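**Q** What follows is the residue order along each chain.
Protein chains: 4
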Amino acid sequence: MDIAIEQSLTSMGDWQEDLYKDVHRHPELSMQEERTAGRIESELAQLGLETRRFGGTGVVAVIENGQGPTVLARADIDALPVTEDEIVDYRSETEGVMHACGHDFHLSALLGAVRALVENREDWSGTYVAVFQPGEEEADGALSMLRDGLAEAVPRPDVALGQHVMPGIAGQVAITDGPVLSQGDSVHVTLHGRGAHGSMPHLAVDPVVLASSIVLRLQQIVSREIPPGAFSVVTVGALNAGTKSNVIPATAELRLNLRHYDPDVRDEVIAALERIVRAECAASGCTREPEFEYYDQYPLTSNDPEQKQIVRAAFEEAFDDGQVITMAPATASEDFSHLPDAFGAPYVYWIVGGTDPDLYRRAQSDGTVASEVPANHQSAFVPELHPTLEAMTRAQVAAALAYLGDAASEHPGSGTPEQSSSDTSDRAAGAAARD
Amino acid sequence: MDIAIEQSLTSMGDWQEDLYKDVHRHPELSMQEERTAGRIESELAQLGLETRRFGGTGVVAVIENGQGPTVLARADIDALPVTEDEIVDYRSETEGVMHACGHDFHLSALLGAVRALVENREDWSGTYVAVFQPGEEEADGALSMLRDGLAEAVPRPDVALGQHVMPGIAGQVAITDGPVLSQGDSVHVTLHGRGAHGSMPHLAVDPVVLASSIVLRLQQIVSREIPPGAFSVVTVGALNAGTKSNVIPATAELRLNLRHYDPDVRDEVIAALERIVRAECAASGCTREPEFEYYDQYPLTSNDPEQKQIVRAAFEEAFDDGQVITMAPATASEDFSHLPDAFGAPYVYWIVGGTDPDLYRRAQSDGTVASEVPANHQSAFVPELHPTLEAMTRAQVAAALAYLGDAASEHPGSGTPEQSSSDTSDRAAGAAARD
Amino acid sequence: MDIAIEQSLTSMGDWQEDLYKDVHRHPELSMQEERTAGRIESELAQLGLETRRFGGTGVVAVIENGQGPTVLARADIDALPVTEDEIVDYRSETEGVMHACGHDFHLSALLGAVRALVENREDWSGTYVAVFQPGEEEADGALSMLRDGLAEAVPRPDVALGQHVMPGIAGQVAITDGPVLSQGDSVHVTLHGRGAHGSMPHLAVDPVVLASSIVLRLQQIVSREIPPGAFSVVTVGALNAGTKSNVIPATAELRLNLRHYDPDVRDEVIAALERIVRAECAASGCTREPEFEYYDQYPLTSNDPEQKQIVRAAFEEAFDDGQVITMAPATASEDFSHLPDAFGAPYVYWIVGGTDPDLYRRAQSDGTVASEVPANHQSAFVPELHPTLEAMTRAQVAAALAYLGDAASEHPGSGTPEQSSSDTSDRAAGAAARD
Amino acid sequence: MDIAIEQSLTSMGDWQEDLYKDVHRHPELSMQEERTAGRIESELAQLGLETRRFGGTGVVAVIENGQGPTVLARADIDALPVTEDEIVDYRSETEGVMHACGHDFHLSALLGAVRALVENREDWSGTYVAVFQPGEEEADGALSMLRDGLAEAVPRPDVALGQHVMPGIAGQVAITDGPVLSQGDSVHVTLHGRGAHGSMPHLAVDPVVLASSIVLRLQQIVSREIPPGAFSVVTVGALNAGTKSNVIPATAELRLNLRHYDPDVRDEVIAALERIVRAECAASGCTREPEFEYYDQYPLTSNDPEQKQIVRAAFEEAFDDGQVITMAPATASEDFSHLPDAFGAPYVYWIVGGTDPDLYRRAQSDGTVASEVPANHQSAFVPELHPTLEAMTRAQVAAALAYLGDAASEHPGSGTPEQSSSDTSDRAAGAAARD
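Residue numbers (UniProt numbering), protein chains in the order written: chain A, 1 to 435; chain B, 1 to 435; chain C, 1 to 435; chain D, 1 to 435.
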């Protein structure tokens with residue numbers, strides 16, 4: 001990268017760390033990110049940018065800087081109902097809420113990238129759309145911004161960019177072709193038994209026993225029904241029935257999360273899920289059918305191979321040797337792809353590691369990554385601040401400049417007027433032609 | 001019963017119905033019965049009685065009326081966290097709280113009995129202690145009154161009386177020797193798995209699956225471990241784990257309720273319960289032991305055979321033919337017996353039916369009592385107001401007068417010298433000997 | 001008992017022990033008791049009695065001895081497919097077959113009783129029908145004798161007598177009114193999944209997982225569906241599916257055993273069983289319905305209260321103090337009552353303990369009877385030879401003489417010509433009249 | 001292929017079909033393939049070849065034909081304990097035994113290939129070792145041949161060849177790099193409960209309920225413990241406990257089959273399996289530890305990439321366009337690789353489809369392959385005789401000639417000096433270097 005931009009990245013450390021810690025201390029649940037959105041707006045205003053809200057707490061800034069392609073970069077900003085472990089002195093001050101998915105890194109990195117680009121307008125040309133998206137954890141944040149007119153209000157991007165911090169060596173960037181993150185579905189299942197006094201089970205249809213039978217039966221979808229090795233996650237993340245020991249409740253509620261890369265497997269799993277739940281209700285003698293509500297449905301995140309090639313090349317130039325690796329598809333899901341899909345635009349999504357390198361390498365060699373390394377949504381998931389934050393900022397800048405930077409104009413598929421109107425396969429073709 | 005008392009019972013209808021409906025409309029959870037206690041105090045004050053609080057919301061009035069035995073009568077006054085069905089126009093006005101166990105009947109009947117006794121002081125002599133007890137549903141109400149000094153503050157009763165409305169033909173009174181209600185224990189089990197993102201089950205020790213396995217395994221205590229036909233109830237009234245579909249929670253909580261008539265069976269069940277929970281945690285690979293907290297422990301309610309004989313005879317005189325029946329032990333539990341036990345006093349406890357007679361008889365002949373007749377703690381358990389309320393009031397009065405009434409001194413088993421020497425009625429004799 | 005009979009009982013020891021050990025060494029499965037039947041015939045022939053076969057291996061001798069009532073005494077003779085532990089030097093010589101239910105005691109005691117009666121014809125009058133019944137363990141032995149004409153071939157008994165050795169202090173006799181043994185049903189359930197190569201579970205409907213789910217679900221019938229404390233046993237005695245690890249079988253077979261004292265509970269259990277099995281098959285996605293075959297259905301064994309009174313009195317005279325006790329109903333079942341039911345005759349059935357007294361008392365005081373004392377059908381169930389065998393012989397003789405003995409003629413309901421033709425309620429009435 | 005060889009292949013139809021049907025009619029279980037081995041010997045003798053037995057029923061013929069590489073081709077010959085559906089008029093005549101895995105095709109094809117090679121010795125040079133292996137289904141056939149000296153008795157092969165018929169369009173050949181078939185383990189688990197009479201569950205530790213709990217718990221290994229999408233099969237192919245409904249057995253036996261491509265996942269699964277089984281035994285209160293016996297352990301079958309390239313090229317030349325496809329790894333396991341591993345030789349293994357093409361294509365488009373297409377080990381798995389048998393014969397011949405044929409010496413990857421220096425084809429080069 002250009003020396004000036006390097007200097008921007010280097011000099012923003014204190015500001016960005018303060019910003020990150022402030023956001024980390026004040027996590028907000030999905031679609032309630034008022035303070036967070038306000039802080040983002042304030043930072044963007046300090047950079048002289050105008051902002052606009054979409055979907056309530058979503059913030060967007062469009063940075064126009066002459067001719068060239070349009071790049072949309074997105075960071076999600078919401079937190080989770082998790083009680084943070086006591087690890088760092090900037091621990092969440094809102095008890096029971098925590099940035100346990102690292103979105104504080106995402107937004108701090110994107111604000112850092114915006115700052116670097118604004119401070120160095122001479123080093124790039126085109127349009128940069130910074131999208132700070134609320135409500136990713138409940139799958140409705142991107143859609144709520146779109147429902148609120150985002151796609152009509154900003155220029156169509158030539159490429160959209162997104163990233164996530166995850167377990168991995170802090171500062172390493174991982175990227176791949178095709179499926180990056182899974183298609184995700186949440187299902188709220190309500191079981192209707194019959195309540196009774198706890199001492200009179202024969203008068204009840206016990207929904208606790210029913211729900212438990214269902215949970216065990218559901219394990220058989222992955223273990224027996226789908227082809228071995230096919231990717232499918234069927235998690236019952238919540239099972240809630242009853243409040244008192246001596247009252248058999250009338251109902252039980254399950255909240256399931258499904259993850260897939262293959263829509264056919266997903267369809268099979270959903271059919272099996274409904275078949276099992278209905279039959280188990282019959283086995284218990286329920287007189288009322290169970291109810292299924294599908295929600296928090298995440299799209300598949302699948303990188304465009306050509307664009308990924310362009311971004312990976314930029315990463316390899318911007319990072320030290322060995323810092324850019326090829327990842328396996330992650331099991332997580334994201335609603336990010338709703339944004340590019342709304343424009344019919346290609347996108348690239350990558351992962352940045354946030355784990356202490358010594359811990360990670362030791363856990364890898366021990367085969368104890370699963371048990372030793374804090375993972376997203378766990379109460380101990382507080383990624384290493386450095387160099388994770390720097391790497392995520394650098395990645396956003398490098399990926400943007402792959403399209404908007406001075407070098408990009410010589411590279412086919414990056415921003416001459418003719419090409420910016422070309423379809424994505426042309427650009428891909430061009431990208432490949434560089435090889 | 002004396003004609004004057006009969007007139008009192010007959011004439012109190014409107015007052016008592018208003019009282020009952022008011023209490024039904026304003027149910028209060030255990031140990032929070034402020035409004036209810038206030039209403040009771042107000043009614044007792046109107047009858048010229050002094051009252052005293054014990055255990056916060058417990059109300060006691062001692063009615064001294066000359067020489068004679070002391071009778072303690074108790075009604076419980078708390079409600080449950082159940083949302084009442086829309087059945088009656090005096091439905092609970094506190095959403096999510098309901099007098100689903102009929103304590104509104106108990107307190108209204110006891111207030112009616114107090115009124116009848118106060119209005120007819122010439123027809124009895126001795127001391128009547130009316131105890132309005134809070135917090136029965138959480139097993140701590142009687143103990144909280146005792147901790148607050150109840151046993152030291154009122155005279156030692158010669159007999160204690162208690163009653164409960166349950167499914168059965170409205171107005172029928174059911175009574176038996178020995179075990180009436182079961183010994184009850186509640187157990188709060190906390191399972192420590194390991195949380196993770198819902199898409200990464202391999203990083204978790206899934207407490208939902210663990211809890212479900214435990215629930216199914218616990219069924220085997222009753223079905224396989226205790227002798228067939230031995231009385232034991234092992235209910236998991238609450239199973240709560242997780243709040244979001246895509247976060248595998250770190251813990252799950254079970255709330256169990258156990259009921260027994262035989263302490264040996266109870267001990268065996270508790271040992272099996274702990275063995276199963278610990279082993280299932282091991283099967284899941286938990287690294288932290290489960291926790292067991294025992295609470296809401298109810299004593300066995302077991303009628304004194306001699307006193308029961310006296311009370312049953314009084315019922316047979318006070319009620320029409322066929323209205324007094326012999327009951328099987330009920331599966332429910334009560335903390336009532338803590339009160340007489342604190343004095344070392346014998347006690348009698350009976351059940352009054354509250355179901356529409358046509359419905360009950362039809363359900364009995366169909367064998368559909370279990371499914372058709374609303375039972376305690378169900379959201380449809382709104383007993384027939386009439387004649388249930390009258391029968392419960394009459395039963396309290398008749399039982400009291402068996403000891404305190406004019407006839408009591410001539411009554412077999414109540415203290416003539418010959419009878420007091422009999423082997424079976426010592427305690428009754430003692431009670432009567434105070435005359 | 002008469003001194004001569006006492007002498008007979010005392011002097012037959014060696015003969016009876018040899019007989020017992022021989023039978024114990026050569027157990028035969030149900031309806032295959034050829035050697036056993038031959039041995040019985042040989043013994044009866046040595047006593048000068050004619051015998052007749054019914055139902056293949058059933059042996060009957062009718063001993064007519066003048067006027068008087070008719071008593072039918074029955075012993076079952078079959079063994080079980082159990083491999084005997086190495087405990088005694090007369091261990092089963094047929095590997096995998098064992099007299100694990102003590103029928104060897106039953107038949108040896110009955111042969112002993114016949115011998116005592118034949119040797120002392122002067123001490124009794126009437127008719128004694130000794131029935132050696134095959135196939136009790138498969139519930140069809142009594143019926144097969146009846147199908148073969150037994151009821152038409154022997155005189156109608158005034159009373160029928162049966163006994164069983166069980167855990168209990170060796171030599172103690174236990175008896176009760178009403179239900180003695182439970183109603184028993186066996187159910188053969190065939191589950192139709194779909195087989196596949198073991199490595200291709202997605203092509204199968206796995207009947208092993210299905211059967212396992214059913215077994216766990218069935219536990220809920222006793223734990224949740226029937227009223228707490230109601231007697232019900234739902235045992236899955238056999239679950240068989242597959243032979244090779246790498247072939248998912250197409251079917252699984254369950255063999256259930258049900259025990260009840262109350263036909264309504266039984267009906268409820270059978271309905272629940274079928275409901276659960278069908279629904280679980282639906283949960284697994286079976287395309288073929290499960291099959292239910294009911295077999296080995298045992299009737300309820302419920303003692304006639306009046307006859308039991310007569311027999312108990314005789315036992316109390318014939319045994320030392322404390323050796324005759326009141327038993328709780330046993331959970332086992334018997335096809336014995338088919339025989340008296342075929343004649344419309346009353347019957348009395350009792351239990352004789354066979355456990356080492358020290359072991360039994362220690363296990364009782366420890367509460368470890370369940371784990372320490374070998375029970376019927378276990379591979380260590382080899383009752384104490386002495387005094388169990390003597391007590392069982394004495395009990396058969398004493399019960400018979402209660403009707404046939406010299407003293408019996410003075411006792412109403414025992415054998416004057418008029419009375420022998422009277423119906424059983426007369427005799428019961430007469431018995432009660434003595435009190 | 002050479003015209004003469006083509007003629008051989010074409011003209012052997014009737015002979016080969018008769019041979020196949022005869023073998024299909026007379027299936028023999030593993031290591032009992034006496035008739036089958038005899039038939040193979042007879043056929044080889046008719047071709048003028050000497051044969052030798054290894055491992056009892058294994059038959060080997062070594063065909064030396066001048067200088068050149070050595071190729072070992074192997075067919076397995078045993079059948080399964082499956083009752084064949086009534087589909088074809090050459091159905092198994094041994095009830096309960098069936099060629100349900102298609103080994104009859106394998107051996108008939110290999111005999112056909114031998115015949116073609118013997119009839120056309122002028123078209124190839126080198127050594128062809130035909131191995132007819134017993135006992136593949138029990139994982140010990142290859143090892144038993146090796147224990148019997150096979151590796152010392154025949155020349156070291158330059159490449160080993162094996163094939164299998166599976167669901168797929170009849171006559172299509174499928175091949176891939178790396179893992180072709182999974183590593184397989186069988187585990188025999190014995191659970192020690194405590195037996196009792198079926199009516200006395202409280203005296204037992206019920207192994208049926210225990211085994212069922214284990215089966216459900218084991219599903220959680222694949223559904224929860226291993227990473228989503230990791231390949232693992234944990235099948236309980238057999239669960240056997242008890243024989244009679246009214247005897248609770250003392251033990252239960254499980255036979256599990258495990259399949260993996262990744263040894264680390266396999267180790268994790270085995271650890272979880274043992275952990276779960278032990279803990280479940282503790283949950284049931286077993287006093288004796290479970291036992292684990294590992295057997296039928298199959299090695300991973302993983303094609304050498306270079307040799308696979310050679311063989312695939314030969315297939316593409318020998319088969320029509322579109323008839324050679326790339327396969328995904330199959331979930332099945334094989335003991336084939338023990339043979340080349342014993343020599344340290346590379347190998348190539350491929351699959352030939354055996355399903356009616358119309359059925360297969362329709363089922364593929366419907367997504368009903370799993371339910372509609374008979375798969376290996378199912379009772380309806382009778383592959384289409386034609387063109388499956390011809391294709392399997394042709395494949396064996398083509399693969400052999402890739403090394404032994406006249407063209408082989410000029411063939412890329414087979415030893416010209418330039419190519420032998422390439423990094424990817426060393427081993428192939430070495431093979432060819434013997435020419």
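Derived from the structure by calculation, the hints contain no laboratory data.
This one's a predicted model, so the numbers in the text were calculated from it and none came from an experiment.
Accuracy of the hints is not assured; some may be wrong.
Claimed, not checked - Residues of chain A clear of chain D, computed beta-carbon distances all greater than 10 Å:
id, residue
1, 56
2, 94
3, 177
4, 220
5, 227
6, 228
7, 253
8, 261
9, 264
10, 274
11, 289
12, 292
13, 313
14, 317
15, 326
16, 367
Said to hold, decoys possible - Cβ-Cβ distance ranges computed for the label pairs, FRET-style:
id, chain 1, residue 1, chain 2, residue 2, range
17, C, 365, A, 362, 38 to 44 Å
18, C, 271, D, 294, 55 to 61 Å
19, B, 89, D, 371, 38 to 44 Å
Think of the CB as a built atom: it goes at the ideal place given N, C-alpha and C, for glycine as much as any other residue.
**Q** Which hint numbers does the structure go against, in order from smallest to largest?
**A** Hints 4, 5, 6, 8, 9, 16, 17, 18, 19 not satisfied by this model.
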